[in-house]
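Here are the chains, one letter per residue:
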Amino acid sequence: MEIEIKKNNKEKYMQLDRVIERYKQQEGMLIRILQKAQEIFGHLPIEVQSYVSDRLDIPISTVNGVVSFYSLFSEEPQGKYTINVCMGTACYVKGSQEILKTIEEELHIREGETTLDKLFTIKVTRCIGACGLAPVITINEKVYGRLSPSDIPGILHTYIKTNKKAAIGEEVKA
Amino acid sequence: MNLSPIKTYGALKELRSSFSNQISIRAGDKSVENEITKYHILVCSGTGCTSTESNEVRKKLEKELKKRNLDDKVKVFKTGCFGFCKLGPIIAIHPEHTLYCKVGLENVDEILERHIKHGEILKELLYKSPKTGQYQRNINDIDFFNSQRRIALRNCGVINPEDIREYIAVGGYSVLAQMLNNKTPAQEIVESLKKSGLRGRGGGGYLTGKKWELALSYEGDKKYVLCNADEGDPGAFMDRSILEGDPHSVIEAMIIAGYCIGADQGYVYVRAEYPIAVERLEIAIEQAKKMGLLGNNILGSDFSFDLDIRLGAGAFVCGEETALIKSVMGFRGEPNPRPPFPAEAGLWEKPTLNNNVETYANIPIILQKGADWFVNIGTEKSKGTKVFALAGQINNTGLIEVPMGTSLRTIIYDIGGGIHDNKEFKAVQTGGPSGGCIPKSMLDIKIDFESLADVGSMMGSGGMIVMDETDCMVDIARFYLEFAQHESCGKCVPCSIGTKRILEILERITKGKGKMEDLQILEDLCLDVKDSSLCGLGQTAPNPVLSTLQYFKDEYIAHIKDKTCPAGVCNSLLKVVISDEKCIACGICARICPVNAITGEHKKPPFKIHQEVCIKCGNCIQKCPVDAIYKR
Numbered sequence: 000m001e002i003e004i005k006k007n008n009k010e011k012y013m014q015l016d017r018v019i020e021r022y023k024q025q026e027g028m029l030i031r032i033l034q035k036a037q038e039i040f041g042h043l044p045i046e047v048q049s050y051v052s053d054r055l056d057i058p059i060s061t062v063n064g065v066v067s068f069y070s071l072f073s074e075e076p077q078g079k080y081t082i083n084v085c086m087g088t089a090c091y092v093k094g095s096q097e098i099l100k101t102i103e104e105e106l107h108i109r110e111g112e113t114t115l116d117k118l119f120t121i122k123v124t125r126c127i128g129a130c131g132l133a134p135v136i137t138i139n140e141k142v143y144g145r146l147s148p149s150d151i152p153g154i155l156h157t158y159i160k161t162n163k164k165a166a167i168g169e170e171v172k173a
Numbered sequence: 000m001n002l003s004p005i006k007t008y009g010a011l012k013e014l015r016s017s018f019s020n021q022i023s024i025r026a027g028d029k030s031v032e033n034e035i036t037k038y039h040i041l042v043c044s045g046t047g048c049t050s051t052e053s054n055e056v057r058k059k060l061e062k063e064l065k066k067r068n069l070d071d072k073v074k075v076f077k078t079g080c081f082g083f084c085k086l087g088p089i090i091a092i093h094p095e096h097t098l099y100c101k102v103g104l105e106n107v108d109e110i111l112e113r114h115i116k117h118g119e120i121l122k123e124l125l126y127k128s129p130k131t132g133q134y135q136r137n138i139n140d141i142d143f144f145n146s147q148r149r150i151a152l153r154n155c156g157v158i159n160p161e162d163i164r165e166y167i168a169v170g171g172y173s174v175l176a177q178m179l180n181n182k183t184p185a186q187e188i189v190e191s192l193k194k195s196g197l198r199g200r201g202g203g204g205y206l207t208g209k210k211w212e213l214a215l216s217y218e219g220d221k222k223y224v225l226c227n228a229d230e231g232d233p234g235a236f237m238d239r240s241i242l243e244g245d246p247h248s249v250i251e252a253m254i255i256a257g258y259c260i261g262a263d264q265g266y267v268y269v270r271a272e273y274p275i276a277v278e279r280l281e282i283a284i285e286q287a288k289k290m291g292l293l294g295n296n297i298l299g300s301d302f303s304f305d306l307d308i309r310l311g312a313g314a315f316v317c318g319e320e321t322a323l324i325k326s327v328m329g330f331r332g333e334p335n336p337r338p339p340f341p342a343e344a345g346l347w348e349k350p351t352l353n354n355n356v357e358t359y360a361n362i363p364i365i366l367q368k369g370a371d372w373f374v375n376i377g378t379e380k381s382k383g384t385k386v387f388a389l390a391g392q393i394n395n396t397g398l399i400e401v402p403m404g405t406s407l408r409t410i411i412y413d414i415g416g417g418i419h420d421n422k423e424f425k426a427v428q429t430g431g432p433s434g435g436c437i438p439k440s441m442l443d444i445k446i447d448f449e450s451l452a453d454v455g456s457m458m459g460s461g462g463m464i465v466m467d468e469t470d471c472m473v474d475i476a477r478f479y480l481e482f483a484q485h486e487s488c489g490k491c492v493p494c495s496i497g498t499k500r501i502l503e504i505l506e507r508i509t510k511g512k513g514k515m516e517d518l519q520i521l522e523d524l525c526l527d528v529k530d531s532s533l534c535g536l537g538q539t540a541p542n543p544v545l546s547t548l549q550y551f552k553d554e555y556i557a558h559i560k561d562k563t564c565p566a567g568v569c570n571s572l573l574k575v576v577i578s579d580e581k582c583i584a585c586g587i588c589a590r591i592c593p594v595n596a597i598t599g600e601h602k603k604p605p606f607k608i609h610q611e612v613c614i615k616c617g618n619c620i621q622k623c624p625v626d627a628i629y630k631r
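Chains as they are written, first to last, in numbering that gives the first Met the number 0: chain Z, 0 to 173; chain Y, 0 to 631.
Bear in mind the hints are in silico, worked out from the structure with no lab data behind them. Some clues are possibly wrong.
What the hints assert, rightly or not - Taking lysine-lysine and the DSSO-like style, the derived pairs with C-alpha atoms no more than 27 Å apart in a straight line are:
| id | chain 1 | residue 1 | chain 2 | residue 2 |
| --- | --- | --- | --- | --- |
| 1 | Z | 100 | Z | 23 |
| 2 | Z | 100 | Y | 615 |
| 3 | Y | 560 | Y | 603 |
| 4 | Z | 160 | Y | 622 |
| 5 | Z | 141 | Y | 59 |
| 6 | Y | 439 | Z | 100 |
| 7 | Z | 100 | Y | 622 |
| 8 | Y | 58 | Z | 141 |
| 9 | Y | 221 | Z | 23 |
| 10 | Y | 581 | Y | 514 |
| 11 | Z | 141 | Y | 62 |
This is chain Y alone, in the form it adopts within the complex (with noise of 0.2 Å):
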């Protein structure tokens, strides 16, 4: 890619007029039916549907159309998160906008052969709607679609993250050039982002326009911006998804932030686990670099602004801003009692601002469409839409983005498509370790900022795992505190120890050992470790304990009292056992079984297994050839 540095702000306008019209096909553009492309192909390349090997259905496609001498009619681009995780590999073919999902190796040719020379739609690969029996073919049909509202993600599935100027054509980095052109006042860019009433995505929910303020006020003779894209929170994957998607959006309104609080370097502190964001940062950064809109003089200016990138060793307390910083200074990443606030003293004690992926990519919209437009969407308090990461035992998994106030069931049963086998909906879990588990009774409530705090939970970086009947809250509860209790950082006692006693009680009434007076010295101790843990890691590890206590006692009772578990989780609590009516008396069972605890005659149905003897190591479930038996 032959890139050049932009001089000025007429220079990118030209460039972005010239390139836009080489991906007008993607907006639908008929128009192009005279030029020689007349397709595009956007081929997923985010995580999910590379581990489904996208890449190697993508790089099939290049091949053949060579092979047919199509390459020039028909153009391959990778391209960021559909967010259609479940489906993938999932391709777009424009300009109309057919989506095709489970796209393996053997399509392709059926593709080029049917769709591009005949203009024949392959229904096979197209979504089917389970609600209507349907077959949708156009993208914005799709159920899973047609609720959303994409603003942080406006670019991810339409435009080659790899490619600069595609990022250009889409109006990428055209706020900044304005801004540095029309030498905006500082105070000015604050306004808007304070009128525009943006949130911080990354959980706490701090107002970003009084952040970069705050971060503006304190002098300094050298000043930082950092993007926090250490996403550890389990089940939550959106940070991920716009770094693989769109960086340039992230990287530019990084630009701007530097301009407006006065830095002239910026950090992106990312995960280690995510090699392909980083890939994808990297090339971004690269050619930022090689078009002069980082560096020295950006775009013939007086302002410079450079970015590297730090990559995390996988630590979550990491994603504490104080703890973060520590971690960008190659430390140990344990966090800092506030204040002083990293906008006063940060990194290397200098002013310095952060923000979460996601707060950055709404900014140059923001700018660019102004505040007014922003306003009109969410909630009175919570303004603009929230990606949210859909997962669990639900239909569609994926990535979703949706106006504030949106309601749950919305969510849940028009864009995910319901709970998976038509169980039973129990319970969904926002907010990661630090959330809770919202209940069925409370499905419709409008998701903000605050209505997810009122309910016991919170909105954190916008993980939902959906469970079902067959989940244990009680052994959810566990399984967050084990989370907790191991990546808390050992600096404070009420975290480091708290977290740990809590544990031990979970661990004791999901092995049936709990009693009542259990509760009580559990809901009291959880509420002392968010009183008095240093950071944010410690303030809401208890959460989860305190949501499922207030929602679902009757199963941590049901545990204590009658030692069972009713979702059939707890090992300890369970017995295995063989169904008389499907056993067929073949005798693998007792063969395998470690501790002879199974005994029977050949041919003689039913087996029988000796729960005194039983170790429940579940060997003899899974080596049943009829399923006979199982865990109750």
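Excised from the complex, chain Z in its bound form (with noise of 0.2 Å):
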């Protein structure tokens, strides 16, 4: 089967190829494949799992088997920031419903979703380890513990300022 690349997706299909390369030869790999694949794509849309599925010889429904088991593969496309409210038990008791609920008012959207600026994703997941600071939040890799949520506003704020930032940035250097 050919696959159809989008022109402005080949520089990331090399990138793909170059993946595949190295761990096809072990066993077991898939999994890490479509890690490697998340990260260059941002998500696994099914083109991307069927290259894989092709370039691997494995029959796609083991591939989005593989991806619809697991909670950290997207097959939607993920904002610029994800943003990981930990319902851990520990921060559960200490209000993690609260902060949730602050973040979705804030951006107006609800878990699981992106804003249309692409910019946040609102996910939940199921404690990051960071129990002696609950409630805790990710925003990509970055910790926020002891939160109430007055501090949310603040935290997202800092988040879109430097976007703009960026963007003015870009714009200037254009």
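Dock the two chains into a complex; use the hints.
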């Protein structure tokens, strides 16, 4: 099966080829390849899944079975910043639901959704092991602990501001 | 870092003695006074302290020392978790063992100026005991630490996890080197582990020596060693901290396991949610390879062993060993019926030995100090210590390690510092989603595998969530079942459908729509799911419900009969009310109420909420400037 590759994605597929080349000789590397593919593309659309299935000679059903099984894989595009609200027990008893509610209200989206400007995605995660700091959220890799709902607008604002600055910087360059 | 391969046991011993001088300062060695380096500052770099910017503090310390030309006199190191996460960032200054809490960037100058230059202690950064009101300077005097006994965490907060030479300096890899040197027979290793009585720390509590013996007994052209670092129990983070603070102890134990059962390949299966742990493990493996402690012909012997990392992708069920094996092979992590056990047919159908991180961390020290040393710690059937993660409504949240047989009261009140805000203790949940809630009347039980099982909970991986009067036990049961139901893989019917039905009943009760006969149905259903599920997830998922039904039935009845939630948590059963005394009649609540349920006259208190209209969104509670609105 020949897969149509969009022009602007050519570079990304070349990157993916290198990943596949590196891991395909070893057994059991499907999850690792998909993790790398998600890093490259940001998410795993069906085109990428069928490309991987084709190159590894693994049925697409197996590939999709793995993608849909694990919660860290996403078939939908994600925002630039993924907000993970920890819903582990320690965070739950320390009021993480209120934190989630505040973030949802601030961004006008619900858990699992992405803002229209593709800046934020809200997700719920099960324990990141920072229970001593409950309640906790992570934004991409950064951990924020000992939160109360009133901290949320300020935290979100720093990301919006950095992003705006970056956008202006790019415009200036252009 | 310049690391070259070590070829013999003698060379390792040499490296050990030469490098141990360099870190003897941390053991309080005052003989260094004549040396150039006078202080070691250890900065906690676990996930907890990193999130409170301990890395920035460390970098600033290094920068400022250089600026003041003190960088020969004072060395700064990264270290693993001290366990005192509540008061992070934590730093320790040696040789005098001073522990400073909540060290911010603004404190760096003062530490250098006052402590380092003038030897003055910064009182404001010391831990103040809430019991005696006294400042406690020495780490060994602090309430939180002095009832602990650190075996699995022995190197966390002591060595730099990113420098293999420090691990070697504290005696690391010497047991392995000795075994390879003496060609210790596998059976001998198994016997000492069996004699030590070490049991699996991942939850099951199976005798580790027996597990090794079984894996040793099966023949195979290829065998594997696995490490389960898929710490999925919400509220448990000991495995993460061990990997972050002392990754080499796990690696050494896995190499010994490989040597013992005859495996030449190992995998550590670790959660992708733990980026720092993964990074430290990668560095550690890389360094061990450079030193010739991993790879072909380890330490010049004819034994070869390689180690790789496999990242999880977010599935709780992968903590179950047959599911974990599937996931390591790159497939959906669905469990298989046992037997065959992994020891017989595991990874790619080959004999496989699988242990938990904390179990592995115990092994090098047991083999070094001998089984007789280990059997003297703990209770009759549970030997050694256990690491617990304290979280929830407790003052000192963090990571602790105590001998088996320590009472819950000691853990919660002496080490944990009691309940937050002086509230009333209600229950402690142990064992994560597989465990149960232990009520106040049982605070004096001595914790070990058996005693926890006797009261309807379990050891699990060691998460301890403390709950107070503001936590609703029905809601907690619902929370755990929601978790189990979400994480159920769908392979077997009792778990995937059974947990769904249990969850529906619990949701009904928390919404005030439960009936008394639901309680019997709930109990029967729970017992059925326990009996008939395929793997540990389903077999233990009903435990939180059964234990709350046993000890907190009155709360269930209050939800069903009186339609009230005594703890004030379950939204549907609560009323939002305005306190007559506190209301200042500013009118903000009435303006922001989305359904116009609040009426009143400006400046004429009190305002009133019309319950038949109110949707309990809580907006007014958040916006009230004088906190006059609350749920009841």
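Evaluated hints:
Straight-line distance between C-alpha atoms of residue 100/Z and residue 23/Z comes to about 43 Å, which puts the hinted pair past the 27 Å bound. Under the criterion of a C-alpha separation no larger than 27 Å, the hint pairing residue 100/Z with residue 615/Y is consistent with the structure, at around 13 Å. Proposed proximity of residue 560/Y and residue 603/Y is contradicted: the alpha carbons are some 38 Å apart, above 27 Å. Simply put, residue 160/Z and residue 622/Y have alpha-carbon atoms about 26 Å apart, close enough for the 27 Å limit, and the pair holds.
This hinted pair checks out: residue 141/Z and residue 59/Y have alpha carbons roughly 19 Å apart, not beyond 27 Å. Of the pairs offered as hints, the one joining residue 439/Y and residue 100/Z is violated, with about 32 Å between alpha carbons and a cut-off of 27 Å exceeded. For a cut-off of 27 Å, the pair hint linking residue 100/Z to residue 622/Y stands: about 15 Å separates their Cα positions. Taking the CA atoms of residue 58/Y and residue 141/Z, the gap is about 18 Å. The hint holds against a cut of 27 Å.
Distance check on the hinted pair: residue 221/Y and residue 23/Z sit about 21 Å apart at the alpha-carbon level, within 27 Å; holds. For the hint pairing residue 581/Y with residue 514/Y, the CA-to-CA distance comes to about 38 Å; that exceeds 27 Å, so the pair is violated. For the proposed pair residue 141/Z and residue 62/Y, the alpha carbon gap of about 23 Å is at most 27 Å, so the pair holds.
Violation of the numbered hints given earlier is confined to hints 1, 3, 6 and 10; the remaining hints are satisfied by the structure.
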